[in-house]
Amino acid sequence: MSHIDDELLAAAALGDDQDLSTAERAHLLDCATCSAAVAELRSLGEELRSTRDEPLSEPTGDLLAVISAATASGRSTRPAREPQTPAGTVVPLPIRRTPTWIKAGAAAAVVGGFLLGRVTAPEPPPQTRVLASVPLDTLDTQHQQLGQAKMRVSNSHMFLDVTAASLPVKAKEMHEVWLINLDGKRMVAVGLLDPDGNGTFEIPQWLLDQGYRIVDISNEPDDGNPNHSGDSLVRGTLPQRA
Amino acid sequence: MSRTDWADSSITELSARLVDGDHDGLAECYHRWSGLIYTLALRSLGSPVDADDVTSQVFISAWTGRLRLTPSESALPAWLIGIARHRIADKWAERSRATKIEGVAAAMTPTQQDSQEERIVLRHCVETLAEPRRTVVKLAFYDDLTHEEISERLGMPLGTVKSHVRRGLLSLRASLQEVAHVAH
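Line by line, the protein sequences are chains L and S.
Take the first sequence: its position 132, counting from 1, is numbered 132 in my numbering, and each next residue is one higher.
Positions in the second sequence are counted from 1; adding 242 to them yields my numbering.
Simulated from the structure, these hints should not be mistaken for laboratory data.
Fair warning: this is a prediction, and the values are worked out from it, not measured in the lab.
You may find that some hints are simply not true.
[Said to hold, decoys possible] Here are the in silico distance ranges between beta carbons for each label pair:
1) L/T128 to S/A335: 25 to 35 angstroms
2) L/P55 to S/Q419: 20 to 30 angstroms
3) S/L309 to L/R25: 48 to 58 angstroms
4) L/L29 to S/D266: 47 to 57 angstroms
We put the CB at the ideal spot given by N, CA and C, even for glycine.
Could you put the whole structure together from the sequences, leaning on the hints where they help?
This is the structure in structure tokens:
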């Protein structure tokens, strides 16, 4: 007889031999192919039982936001890294005189441009999207706003822009930016503000996802101690979906 | 009859959307397989942070490398698992370079890793079985109910219960074979 139907092989593997005809049972004893299939299905059944203790987990962070940011440009090449220019500083583009021969060439290229457009089209401008902007307020009862923190995505990297020009400045002291976890127990040092009170810092998304969302600026004496001085000047909390 | 629940035409269509550069297609891939990829990474690496990292890398790599994917009825999940294997291996290489950590997973033999991976893939296949087959399969294999007990509990004819359990098992076998063929 021909080989046994898959569903009956599965029946045999599950111990439902009574659902097989006498001829089918006899075939099973003789046929190496069918008995191997039964053995395979039986061991799959055992393995399947063992997956009872193998529950699936879900990512802890909002990874889709990271993935969307990283793939936002729709280009298949890796995006270039963001140059580290301080926030708030507009870098003027150098004005160059265009030599006449390039102008002539450019005019001629317009005709060919239709054909070459796909190849010679300039890179699109870096995609920047501001995700959140929060005021940085003093911790006293007055909650005076002395700064601003902004999260943005540029070229698929996340950046924290901090501006806090009106913080009190003392000689030989620095202003350091921290991200404090909402659990109130953990914090990471993000970096120092420049003398004008500005700073731009690249932040991994997972840090935010883990709850490091309180932006804190501390006054740090130049004492070589890498820990937070305990002297917080201002704070602001980034929203969850920054 | 070895149709699997992965191997439906919507996967071919989803693959084609991904290859075409459709961002929503990528998001849908993420919703369907991020749990699987994350669990694979988490069981191997033990660290939720690293598993998050691997998971996002896998989907970003899938996007950047999407032109290498040939849309078919089953290639996409297997392809994602293949990418995940590489990213997990990279993570281990990174760790051993940095600190020479000898964790549990590091000490696992390739065979142990394979069988763990297979169990996770199998579990994911169970979770993606169409209802009511999923419930029947879980009652049979996880709760160890007899076919008669399942029939009673679900108010489903005994023959239908048997058929779901058998076809469920066959469908899971086909899913595993697809992953093994494409991803290795």
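Quiz item: Has the hinted range 48 to 58 angstroms been met by the Cβ atoms of S/L309 and L/R25?
Solution: Because 52 angstroms falls inside the window, the suggested range holds.
Quiz item: Is the gap between the beta carbons of L/T128 and S/A335 within 25 to 35 angstroms?
Solution: This hint holds: roughly 34 angstroms between Cβ atoms.
Quiz item: Using the C-beta atoms of L/L29 and S/D266, is the stated range 47 to 57 angstroms upheld?
Solution: 54 angstroms, holds
Exercise. Could you see if the CB distance from L/P55 to S/Q419 stays within 20 to 30 angstroms?
Key: 24 angstroms, holds
Against the hints set out earlier in the document, no violation occurs for any number.
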